[in-house]
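Protein chains: 2
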Amino acid sequence: MTDSLLDSLRAAVPDLRLKTDAGDLEHYGRDWTRRWTPNPLAIALPGSVEEVQAVMRWAAQRQVRVVPSGGRTGLSGGAVAADGELVMSLERMNKALAFDRVDRTLTVQAGMPLEAVHNAAREHGLEYPVDFAARGSCSIGGNIATNAGGIRVIRYGNTREWIAGLKVVTAQGELLDLNRALVKNSSGYDLRQLMIGSEGTLGIVVEATLRLADPPPPTNVMLLALTSFEGLMEVFAAFRERLRLEAFEFFTDIALRHVLAHGAVKPFDEVYPYYVVTEFAVGDQDSEAAAMAAFEACMEAGWVADGVISQSDAQAQQLWRLREGITESLAPYVPYKNDVSVRISQMPAFLEQTQALLGQAYPHFEVVWFGHIGDGNLHINVLKPEQMAQADFVRDCEQVTKLLAQALKAHGGSISAEHGIGLVKKPYLDSTRGPAEIALMRGIRKALDPQGLLNPGKLFDP
Amino acid sequence: MTDSLLDSLRAAVPDLRLKTDAGDLEHYGRDWTRRWTPNPLAIALPGSVEEVQAVMRWAAQRQVRVVPSGGRTGLSGGAVAADGELVMSLERMNKALAFDRVDRTLTVQAGMPLEAVHNAAREHGLEYPVDFAARGSCSIGGNIATNAGGIRVIRYGNTREWIAGLKVVTAQGELLDLNRALVKNSSGYDLRQLMIGSEGTLGIVVEATLRLADPPPPTNVMLLALTSFEGLMEVFAAFRERLRLEAFEFFTDIALRHVLAHGAVKPFDEVYPYYVVTEFAVGDQDSEAAAMAAFEACMEAGWVADGVISQSDAQAQQLWRLREGITESLAPYVPYKNDVSVRISQMPAFLEQTQALLGQAYPHFEVVWFGHIGDGNLHINVLKPEQMAQADFVRDCEQVTKLLAQALKAHGGSISAEHGIGLVKKPYLDSTRGPAEIALMRGIRKALDPQGLLNPGKLFDP
Numbered sequence: 001m002t003d004s005l006l007d008s009l010r011a012a013v014p015d016l017r018l019k020t021d022a023g024d025l026e027h028y029g030r031d032w033t034r035r036w037t038p039n040p041l042a043i044a045l046p047g048s049v050e051e052v053q054a055v056m057r058w059a060a061q062r063q064v065r066v067v068p069s070g071g072r073t074g075l076s077g078g079a080v081a082a083d084g085e086l087v088m089s090l091e092r093m094n095k096a097l098a099f100d101r102v103d104r105t106l107t108v109q110a111g112m113p114l115e116a117v118h119n120a121a122r123e124h125g126l127e128y129p130v131d132f133a134a135r136g137s138c139s140i141g142g143n144i145a146t147n148a149g150g151i152r153v154i155r156y157g158n159t160r161e162w163i164a165g166l167k168v169v170t171a172q173g174e175l176l177d178l179n180r181a182l183v184k185n186s187s188g189y190d191l192r193q194l195m196i197g198s199e200g201t202l203g204i205v206v207e208a209t210l211r212l213a214d215p216p217p218p219t220n221v222m223l224l225a226l227t228s229f230e231g232l233m234e235v236f237a238a239f240r241e242r243l244r245l246e247a248f249e250f251f252t253d254i255a256l257r258h259v260l261a262h263g264a265v266k267p268f269d270e271v272y273p274y275y276v277v278t279e280f281a282v283g284d285q286d287s288e289a290a291a292m293a294a295f296e297a298c299m300e301a302g303w304v305a306d307g308v309i310s311q312s313d314a315q316a317q318q319l320w321r322l323r324e325g326i327t328e329s330l331a332p333y334v335p336y337k338n339d340v341s342v343r344i345s346q347m348p349a350f351l352e353q354t355q356a357l358l359g360q361a362y363p364h365f366e367v368v369w370f371g372h373i374g375d376g377n378l379h380i381n382v383l384k385p386e387q388m389a390q391a392d393f394v395r396d397c398e399q400v401t402k403l404l405a406q407a408l409k410a411h412g413g414s415i416s417a418e419h420g421i422g423l424v425k426k427p428y429l430d431s432t433r434g435p436a437e438i439a440l441m442r443g444i445r446k447a448l449d450p451q452g453l454l455n456p457g458k459l460f461d462p
Numbered sequence: 001m002t003d004s005l006l007d008s009l010r011a012a013v014p015d016l017r018l019k020t021d022a023g024d025l026e027h028y029g030r031d032w033t034r035r036w037t038p039n040p041l042a043i044a045l046p047g048s049v050e051e052v053q054a055v056m057r058w059a060a061q062r063q064v065r066v067v068p069s070g071g072r073t074g075l076s077g078g079a080v081a082a083d084g085e086l087v088m089s090l091e092r093m094n095k096a097l098a099f100d101r102v103d104r105t106l107t108v109q110a111g112m113p114l115e116a117v118h119n120a121a122r123e124h125g126l127e128y129p130v131d132f133a134a135r136g137s138c139s140i141g142g143n144i145a146t147n148a149g150g151i152r153v154i155r156y157g158n159t160r161e162w163i164a165g166l167k168v169v170t171a172q173g174e175l176l177d178l179n180r181a182l183v184k185n186s187s188g189y190d191l192r193q194l195m196i197g198s199e200g201t202l203g204i205v206v207e208a209t210l211r212l213a214d215p216p217p218p219t220n221v222m223l224l225a226l227t228s229f230e231g232l233m234e235v236f237a238a239f240r241e242r243l244r245l246e247a248f249e250f251f252t253d254i255a256l257r258h259v260l261a262h263g264a265v266k267p268f269d270e271v272y273p274y275y276v277v278t279e280f281a282v283g284d285q286d287s288e289a290a291a292m293a294a295f296e297a298c299m300e301a302g303w304v305a306d307g308v309i310s311q312s313d314a315q316a317q318q319l320w321r322l323r324e325g326i327t328e329s330l331a332p333y334v335p336y337k338n339d340v341s342v343r344i345s346q347m348p349a350f351l352e353q354t355q356a357l358l359g360q361a362y363p364h365f366e367v368v369w370f371g372h373i374g375d376g377n378l379h380i381n382v383l384k385p386e387q388m389a390q391a392d393f394v395r396d397c398e399q400v401t402k403l404l405a406q407a408l409k410a411h412g413g414s415i416s417a418e419h420g421i422g423l424v425k426k427p428y429l430d431s432t433r434g435p436a437e438i439a440l441m442r443g444i445r446k447a448l449d450p451q452g453l454l455n456p457g458k459l460f461d462p
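From first to last, the protein sequence lines stand for chains Y and R. Counting in UniProt numbering, the first sequence tops out at residue 462, every number present. Counting in UniProt numbering, the second sequence tops out at residue 462, every number present.
For the record, the hints were derived by calculation from the structure and aren't laboratory data. Misleading hints may appear alongside valid ones.
In this list, chains with the same sequence are indistinguishable; a pair is considered to hold if it fits within one copy or across any two.
Below are the DMTMM-like pairs computed for lysine to aspartate or glutamate, each with C-alpha atoms no more than 25 Å apart in a straight line [said to hold, decoys possible]:
hint : residue 1 : residue 2
1    : K409      : E174
2    : K446      : D461
3    : K409      : D100
4    : K446      : D430
5    : K402      : E270
6    : K426      : E174
7    : K446      : E174
8    : K409      : D177
9    : K266      : D21
10   : K446      : D177
11   : K402      : D177
12   : K409      : E26
13   : K384      : E398
14   : K95       : E115
15   : K426      : D392
16   : K19       : D306
17   : K446      : E300
18   : K426      : D177
19   : K446      : E230
20   : K402      : E386
None of the values given here were measured: they were computed from a predicted structure.
Go ahead and model the full structure; you've got the sequences and the hints to work with.
In structure tokens:
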């Protein structure tokens, strides 16, 4: 059955590169979640838009379900293929195609890693400003599928803001050329925006034209030690008021201890419960003075107990590593990840409620907090005790996620700030989107993909 | 029949304000286009979200088609009710509802005029930066329905960029609360973005939460006289390179003559074929010097023959009036309006082709050009000779629009940069959107509004 199906694919797309080895099926069948057993039909590695189209035409004819696949660094199971799907990996389509100095755009294939996009933009003296720790492995197509956020949203917004045009292959194998980098285009529904964040369920992104920004200003990085959680929003306000913030990231002492155990350099002799790493534009005396003024005001108010400001690029990187190394340092503990957001103004009330909730709910688990305070996004990682079975651990965590989802609903928040819904957050989608919204999403999906071929089971059930 | 239908509406929504006088039917049944004879069933003027929902529930039950209506300043017939539709005017829902200093958002009802939004934002020391000449009459809901652009897109983008949340009433009368001003929210399809620019065909915007910007920097306004069309893009490049541009607008001598005939103050003794009005941030000596350097470079290159820089706010307003007064000064000629865009990089080639095309096509008509060069948007207005019948004039113009649409297609442009498709541009939608795209748009509309109740006939036929 599988063999004859793949034979028909080979016949339909003669030059298509296909992988079917057990190791490949496992490698390409999962993402950074480890909760599902990979079980794809095969891995298709198209080399061109035409091949992606041909594979989709074949899939539509044969009713074969397809999982679009980028760098598979996702944390919500959006790229998992556990049920005989064909994985459509874009990894061979990883080139920059065009740069336009007047439009200030870079056109790239969807499989290009984010870091390669950064480098390509810098070669032209410009910046693609979306950035986060998985930059070396994640692909721009995957970034678009989840509307990736990251550490510079406070200044530059999410991926959505930087997409000037998209080429997308539909479930029927047709090619859409969306918006073509027009600055102004009021000609009906913006399907480009609809595709961004749709997690591969409405079409397969094959190319993107990215807007580029001016190179960032010179910056300094500051690490702050906080004495209590309560002062966090005040510290943010004090810095935002006085400085052009490029990033404002928070983490707890537990997070720091894991990063230090992974080889990072200890920043302070003393131990404090909370830390902030913030990056801000400098370049004139005003901004240096403003940074010192913000720091001193926070010291005087008792919110901040200590601080260090980077004196070199190397030191800036060292400080950043304390925040960026967290995810990697936690990986061995197979953490259960929450990625939630509320309006910035709702943060204090939500934080208070959530702290109380988690303190009660997880007395025996280690909970690691970090997040992007400046855009209302908190990451709450629960670490699996070594002896505990994965299934039991997840079951216990899901009980708490139900409570967390209720708190989010009460505060108008989101169960997924930037990871996407995928498989992991699917049971909680209704905490964030109302029944009428979910019904409309279902209708849109059905309109675009009536056979249900694209990334089946992700986001919501048919 | 009409009477019993309206009786049933009065019974279903007892306190609903309704207008049925002939004068009101004409007033609310059309927008700034004058091509269709207004013929609505009646005008509903709901005072609350609940009333909008109740009217839509009634409409769904009775299969009554509904035209959502804001300031009716549209130029594409998007708010025309010429076929017995119920007009749903949001004009009574025109209040600011909430301001949040931490989130930097302003929540307003959809019927609030743009200028009132500007004023409300400024009361809090912040700015809603989308702006254009119809600000006094147009409503924010209409701005959202067309993703309005205007004169500051080069700096601030279109309406789309400033919408943090939307409340929308569906064809079934359900209320959607979309995105709730979250900065990060990756929880499925972004229906907020889908609604923006959908011209009232997918839902009725009843409330919007707007992001606000820092107050604009101090600026100067400069008027430039250009000797030829060819230098236009070079002048733009010279200014963009050296200054933080807030606006860069172009118009022809014919446009200027109409504005002067309307009472504006003549800027130069000599007559030049083309003019640019540009606004840029100042505040330090650097920017003043940069502006002079840009001006002198353009003079030396022979692109610019004369210029004037504003010495006061009053003079800045006087210079702006030369550009902003164009539409009003042309109104008596019932102009046929083209509102097209291409990528900025495509402008020179497109302009050349279009100039040649229009020169051949309109030897007997007066053609007035102006536009937003910095974002690739050209307005081409053809003036009706006094003696010519409107229908004959439109028929002749449409012949040329067909050619223009072909040129746009060749250059990857759009038949509507900012006015929307409505009724006026509907025959040309396929110059901008491919057949697969239009099929998907049709499917989405059908999924959201299966009975075809919302703004029927606009954008595309069922």
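Reference check for the pair K446 and E174, CA-CA at most 25 Å: within, between, both, or neither?
So K446 and E174 pass the 25 Å test inside a copy (16 Å) and across (20 Å) alike.
Cα distance capped at 25 Å. Does K446 pair with D461 within a copy, between copies, both, or neither?
Cα proximity of K446 and D461: in one copy and across copies (11 Å, 20 Å).
Homomeric proximity label, K402 with E386: Cα distance no greater than 25 Å
within (24 Å within a copy, 70 Å between copies)
At 25 Å max between alpha carbons, let me know whether K426 reaches D392 within a copy, between copies, both or neither.
within (19 Å within a copy, 58 Å between copies)
Check K19 against D306 for me: Cα-Cα at most 25 Å, and say if that holds within a copy, between copies, both or neither.
neither (54 Å within a copy, 67 Å between copies)
What label fits K446 with E300 when the C-alpha limit is 25 Å: within, between, both, or neither?
neither (58 Å within a copy, 60 Å between copies)
As a check of your reading, is K446 near D177 (CA-CA no more than 25 Å) within one copy, between copies, both or neither?
both (21 Å within a copy, 22 Å between copies)
Measure nothing new, just compare the shortest in-copy and cross-copy C-alpha distances for K402 and D177 to 25 Å and report within, between, both or neither.
between (40 Å within a copy, 22 Å between copies)
Are the CA atoms of K446 and E230 at most 25 Å apart within a copy, between copies, both, or neither?
Cα proximity of K446 and E230: none, with 46 Å in one copy and 49 Å across.
Given identical chains, is K409 near E174, meaning Cα to Cα at most 25 Å, within a copy, between copies, both, or neither?
Only across copies: K409 and E174 sit 19 Å apart there, 38 Å inside one copy, limit 25 Å.
Which holds for K426 with D177 at a C-alpha limit of 25 Å: within a copy, between copies, both or neither?
between (30 Å within a copy, 20 Å between copies)
When no copy is specified for K384 and E398, does a C-alpha distance of 25 Å or less occur within a copy, between copies, both, or neither?
The answer is within: 13 Å in one copy meets 25 Å, while 68 Å across copies does not.
This entry does not satisfy hints 5, 9, 12, 16, 17, 19, going by the numbered hints stated previously.
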